[in-house]
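In this text, residue positions in the sequence shown follow my numbering: the first is 2, and each later residue adds one.
Hints are supplied without guarantee of correctness; some may be wrong.
Quick list of in silico lysine-lysine cross-link-like pairs, BS3-like style, CA-CA up to 30 Å [stated by the list, open to error]:
#1 Lys170 x Lys42
#2 Lys138 x Lys89
#3 Lys57 x Lys101
Pairwise CB distance ranges (calculated) [said to hold, decoys possible]:
#4 His104 x Ala221: 31 to 39 Å
#5 Arg197 x Asn294: 34 to 42 Å
#6 Gln349 x Glu309: 47 to 55 Å
Just so you know, the hints here were simulated from the structure itself, not pulled from any lab data.
Bear in mind that the values here come from a model prediction, so they are computed numbers and not experimental data.
Where is the CB? At the ideal position from N, CA and C, for every residue including glycine.
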Amino acid sequence: MYFGKEGHCNISVLMCSMMRTVLADVYIEQLFQHLMMDYNKSVRPVKNASDALLVKFGANLCRLIDVDEVNQVLTTSLWLEIQWTDSKLVWNPDDWGSIKKIHIPSDQIWIPDILLYNNADGEPHISIISSAMVDYKGTVIWMPPSTYKSLCPINIQYFPYDVQQCYLKFGGWSHDGQLLDLQPIPPTMGDVMETRVDANGIEFQYLELGMGLSFYHESAEWDLLSATSSRYAQIYPGCCGQQYYVDIRYTIIIRRKALFFTVIIVIPCMLIANLTIFVFWIPPREHKITFSNSVFVALSFYYLILIELIPPTSLVIPLLGKYLLFTLFMVCASMLISVVNVNIYRRQGTFYMMPEWMRWLFVRTLPRYLCLKMLDAPYESSTSTSVDQSSSTKVISQKIPYFTGFHNWIRCHSSRCIAESTAGSSFKNDLPMIRKYTLPSLNLPVSPRMRLLSLSEVLFFELIIVVLNKPLNTCICYSLQVQVTEQKLLSAEKGAHMQLFRDMAANVAVIAANFHNTVLQDKITDEWRLMSLVIDRICLVVYFVLNMIAISLFILQAPSLFDARQPLQRTVAQKPLSGDAVSMLGS
């Protein structure tokens with residue numbers, strides 16, 4: 002087969018590349034064996050034992066996996082970047098086929114024992130075995146991925162509108178600062194560390210953007226507001242003498258995305274709490290207490306949910322917990338008020354008399370200011386008295402002296418009526434004297450029920466007709482045409498029907514007294530019911546105002562609702578990975 006001149010050239014290039022790759026693999030294997038010969042990974046790789054080994058440490062934040070508020074644990078996914086110089090891993094590229102870098106498993110070389118000081122669970126050191134890149138100058142670059150669970154003090158004061166500040170503290174465990182000098186790697190090229198002093202007077206070095214965000218994935222629950230780094234050189238008295246240990250602390254400030262909790266917890270709680278207001282809109286019946294119990298059970302259910310979401314701490318009460326606790330107290334108070342109010346509403350005038358100050362306050366004054374209907378004829382204690390069945394006879398003799406008054410009137414006015422008959426005097430002029438002894442003198446209100454009371458008046462005038470033996474209109478409209486003598490009156494009074502009329506009048510008086518007593522009792526009962534409505538209306542206004550104040554304080558005290566800081570987003574890498582600056586093969 003003939004390939005031609007160009008074909009032979011292509012084959013030659015391909016063969017050269019394959020031979021070069023094979024030779025490179027051979028050189029890498031030989032170089033690896035050469036470097037690992039007599040290598041002790043337990044010894045710090047420095048030429049002089051007293052020299053400090055410079056270790057550069059950096060971290061790329063990949064994801065905020067979880068924030069466990071109950072256990073106060075922050076779970077993060079990081080890509081670490083650790084750089085140092087190993088004096089034992091140095092070679093001349095010209096002697097090894099121009100190989101300038103090689104990958105060596107991390108478990109076969111010395112690596113700094115950098116741990117997470119505030120580890121909460123799992124292994125505080127890097128447990129993943131990955132290859133480290135080593136260049137011919139002895140520079141080792143190790144970039145292991147790792148997932149850390151760190152302790153994070155959760156401040157639940159403003160839950161669910163809270164901002165949390167967590168930190169990850171990395172540092173050498175076995176070597177102090179004179180043997181292991183730990184320095185942070187700026188994620189952005191050109192960043193310079195500034196020196197600051199913290200609240201305890203300790204000096205530290207600070208980077209505004211201390212963690213790389215090139216591989217960051219946004220959390221569905223939290224906004225990342227800040228990721229700074231600080232370098233501390235700290236002495237631990239009572240533990241490690243006077244040697245200082247260097248650590249790097251990454252401070253992460255996160256803000257909760259409150260939409261979920263607002264829709265699932267906050268808004269339902271507010272709506273249920275507002276139902277407490279409408280307890281006082283329900284008529285004063287037993288259903289008010291049942292409704293209050295239902296609201297109390299619903300709020301208790303949400304309070305149990307809140308307990309499951311927050312850590313069991315006695316330092317502070319969360320903002321939502323304060324609102325729920327306040328609402329629970331309000332519901333309990335509404336239940337007590339409802340019980341008292343139903344008791345007031347059920348009071349009858351037969352057993353309970355309203356004090357005068359209550360009548361003035363709740364019956365005559367407050368209803369007009371609360372847009373409630375006033376009573377048509379309020380009870381007047383000065384003109385009305387309570388009447389019972391046992392005092393009917395006394396009432397008849399004192400209030401309605403039908404026959405005694407009638408007899409006296411006849412005896413006193415019979416001669417005058419006869420004398421004035423010729424002068425045209427009218428019987429009508431004496432009707433006020435007759436009316437004096439009739440039931441209207443009781444000042445009872447006119448109502449359908451009281452129409453029966455007019456029967457006594459009818460009987461009274463019928464007695465006049467019987468005694469005078471004249472029609473009533475004749476007595477009223479014309480002059481008396483007959484001569485009435487006392488003997489005739491006395492003889493008529495001794496008639497067979499007079500005792501019957503006396504009994505009938507007495508019975509009518511008893512009925513009138515009973516109706517009078519019933520009307521008084523109904524008036525007093527209506528006053529108690531009006532008082533109950535007034536209390537309900539006052540509580541409705543007070544509860545509405547208190548609930549609005551509670552909601553306003555709840556909103557105004559939440560700091561994240563007024564936090565205008567924009568969350569950090571995933572950034573484009575502004576510097577190449579450390580290993581990319583070193584080419585594997587020479588040209």
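Evaluated hints:
Proposed proximity of Lys170 and Lys42 is supported: the alpha carbons are some 25 Å apart, at most 30 Å. As the CA atoms of Lys138 and Lys89 are separated by approximately 10 Å, the hinted pair is consistent with the 30 Å bound. Between Lys57 and Lys101 the alpha-carbon distance is near 21 Å, which keeps this suggested pair within the 30 Å criterion. Taken as a hint, the range 31 to 39 Å holds for the pair His104 and Ala221, whose Cβ atoms sit roughly 36 Å apart.
Between Arg197 and Asn294 the beta carbons are some 58 Å apart, a value that contradicts the proposed interval 34 to 42 Å. Evaluation of the 47 to 55 Å hint for Gln349 and Glu309 yields a pass: the beta carbon distance comes to about 50 Å.
Against the hints set out earlier in the document, a violation occurs for number 5 only.
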